[in-house]
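Asker: For reference, the chains in residue letters:
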Amino acid sequence: MNTYTKQILIVTAAIGGLISLHANAEVMEVKISPEKESVLAVHEGEVVAIQRIQDQNHVLTGGYSKTSRKCPPFCIQPMHVAPGVTTVGELELLEFIENKVNKGTGVLIDARTPAWYEKGTIPGSVNIPFTTFDETESDLVKTVALSKLGVPKVSSPTMMAKTWNFIVKTVNADYRDYGKWDFDNAKDILLWCNGMWCGQSPRAIKGLIKMGYPPEKIFYYRGGMQSWQMLGLTVAEPKK
Amino acid sequence: MYKDNLYIYHYRAHRSFAIAFLISFILMAVFATPAIAVDDAYLKALEVEAEKSAQVGNSTKSINGSAQSKGGIQISQKEMMQFETELRSARPATYRFYKKLDQQDKTAVFAVYQEEHKMTRASKTVFDLYFEKNK
Numbered sequence: 013m014n015t016y017t018k019q020i021l022i023v024t025a026a027i028g029g030l031i032s033l034h035a036n037a038e039v040m041e042v043k044i045s046p047e048k049e050s051v052l053a054v055h056e057g058e059v060v061a062i063q064r065i066q067d068q069n070h071v072l073t074g075g076y077s078k079t080s081r082k083c084p085p086f087c088i089q090p091m092h093v094a095p096g097v098t099t100v101g102e103l104e105l106l107e108f109i110e111n112k113v114n115k116g117t118g119v120l121i122d123a124r125t126p127a128w129y130e131k132g133t134i135p136g137s138v139n140i141p142f143t144t145f146d147e148t149e150s151d152l153v154k155t156v157a158l159s160k161l162g163v164p165k166v167s168s169p170t171m172m173a174k175t176w177n178f179i180v181k182t183v184n185a186d187y188r189d190y191g192k193w194d195f196d197n198a199k200d201i202l203l204w205c206n207g208m209w210c211g212q213s214p215r216a217i218k219g220l221i222k223m224g225y226p227p228e229k230i231f232y233y234r235g236g237m238q239s240w241q242m243l244g245l246t247v248a249e250p251k252k
Numbered sequence: 315m316y317k318d319n320l321y322i323y324h325y326r327a328h329r330s331f332a333i334a335f336l337i338s339f340i341l342m343a344v345f346a347t348p349a350i351a352v353d354d355a356y357l358k359a360l361e362v363e364a365e366k367s368a369q370v371g372n373s374t375k376s377i378n379g380s381a382q383s384k385g386g387i388q389i390s391q392k393e394m395m396q397f398e399t400e401l402r403s404a405r406p407a408t409y410r411f412y413k414k415l416d417q418q419d420k421t422a423v424f425a426v427y428q429e430e431h432k433m434t435r436a437s438k439t440v441f442d443l444y445f446e447k448n449k
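Residue numbers (the working numbering), protein chains in the order written: chain S, 13 to 252; chain L, 315 to 449.
Extracted from the complex, chain S is given alone in its bound form (with noise of 0.2 Å):
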């Protein structure tokens, strides 16, 4: 679904949900923020409107309700990932879906494996697990993830990037993929997995920032889905 499209069917959806809220004049009681009641985002070519539960007597069950994992691997995660990155809570990322992934121009990344995706995302994120920003990982697989956030790979890389690359490599560890990607036209994008006991954003982020990913464009909902469900907010079940 190109931006346009998407932005065709907000427009609508939020035009429908403005009649409606006139025709209906009831109150919602459990609301995202004062002003706020419902922030419509586009999952997999359908419209969602990410809303809180108004149950007030709802309560968490199941895996987000738990306290405990063990540590290693399930450790808690730094407020602050990387230096550069930005670490956000539910309003900025709702504010994310409505100013940047809604208007093509950021992108909302569940991090997660897909065992965890497909137990239910944040409406409007597409799943790229952190798997893929490793170095391990093949350079086919990170072309085709960063070619979604607007990142193209650099036809041939220079042969002073090439040298850099090995020289750097060779004596340092830190590296970067100096030169193979073109990060010029990055998109802003904001990465979250299970919660603050979740290691798997924060590795993704750490890869990208390797692969030479400017920090700046980089976001970390560090509250992930367990914060999500807590505050009852929309989950999006990934079609089948």
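Incorrect hints may have been included.
Unchecked claim - Cross-link-like lysine to aspartate or glutamate pairs, in silico, EDC-like; alpha carbons within 16 Å at most:
(1) L/Lys447 - S/Glu58
(2) S/Lys78 - L/Glu400
(3) S/Lys218 - S/Glu149
(4) S/Lys112 - S/Glu228
(5) S/Lys48 - S/Glu110
(6) S/Lys160 - S/Asp200
(7) L/Lys420 - L/Glu400
(8) L/Lys447 - L/Asp419
(9) S/Lys165 - S/Asp151
(10) S/Lys82 - L/Asp419
(11) S/Lys112 - S/Asp200
(12) L/Lys366 - S/Glu130
Said to hold, decoys possible - Computed footprint of chain L on chain S; a stretch qualifies when at least three of its residues, placed anywhere within it, have a C-beta under 8 Å from a C-beta of chain L:
(13) 56 to 69
(14) 81 to 95
Stated by the list, open to error - Label pairs and their computed distance ranges (CB to CB):
(15) S/Lys48 - L/Glu446: 26 to 34 Å
(16) L/Glu398 - S/Val71: 36 to 44 Å
(17) L/Ser330 - S/Lys199: 48 to 56 Å
Source of the hints: derived by calculation from the structure; they are not laboratory data. None of these values were measured; they are calculated from a predicted model. Positions of the beta carbon are idealized from the N, C-alpha and C atoms, including for glycine.
For this one, chain S is given, so just place chain L on it according to the hints.
Answerer: Here is chain L on its own, set in the frame of chain S:
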């Protein structure tokens, strides 16, 4: 004599190089393998955890299924009213779209809901029907 010394020198140099290469290889094998093993263990732990984590049905909005009108289905008005109350409480924004549907579409939404008693599917049907008629 000079040739012999040169031969010995080359032999020793080659031998040192071979030993260094062998040691590097062993070190790489020792240190690289656990990194991969740790990675595999992490992925395995993730899969196990994913399997253990059940879906949170009440806070899950499904976008599966398609809008289908169920011809000839028995509709209980009482049950339909209960469904509408539940939809209004659980999905107020969706309920507003639902209210804009005509009676036939509302019945279709209820029919979808009755199949599995999943609010998520009903919600999806509401949007499908609404946008089908408001393209």
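Asker: Each hint needs a verdict: does it hold in this structure or not?
Answerer: Taking the hints in turn, this is what the structure says about them:
1. L/Lys447 - S/Glu58: 15 Å, holds
2. S/Lys78 - L/Glu400: Answer violated: S/Lys78 to L/Glu400 is near 27 Å, above 16 Å.
3. S/Lys218 - S/Glu149: 14 Å, holds
4. S/Lys112 - S/Glu228: 15 Å, holds
5. S/Lys48 - S/Glu110: The given pair, whose Cα atoms are some 12 Å apart, holds under the 16 Å limit.
6. S/Lys160 - S/Asp200: Judged against 16 Å, a Cα distance of about 11 Å means the pair holds.
7. L/Lys420 - L/Glu400: 14 Å, holds
8. L/Lys447 - L/Asp419: 10 Å, holds
9. S/Lys165 - S/Asp151: 9 Å, holds
10. S/Lys82 - L/Asp419: 49 Å, violated
11. S/Lys112 - S/Asp200: Holds: S/Lys112 and S/Asp200 sit about 8 Å apart, inside 16 Å.
12. L/Lys366 - S/Glu130: 13 Å, holds
13. 56 to 69: Holds, because 9 residues of the stretch 56 to 69 of chain S bring their Cβ atoms closer than 8 Å to Cβ atoms of chain L.
14. 81 to 95: Per the Cβ count (4), the hint holds.
15. S/Lys48 - L/Glu446: 26 to 34 Å: Cβ of S/Lys48 to Cβ of L/Glu446: about 27 Å, so the range 26 to 34 Å holds.
16. L/Glu398 - S/Val71: 36 to 44 Å: With Cβ atoms ~24 Å apart, the hint is violated.
17. L/Ser330 - S/Lys199: 48 to 56 Å: Holds, since L/Ser330 and S/Lys199 (Cβ atoms, about 53 Å apart) stay within the stated range.
Violated hints, listed in ascending order, are 2, 10 and 16; each of the other numbered hints is respected by the structure.
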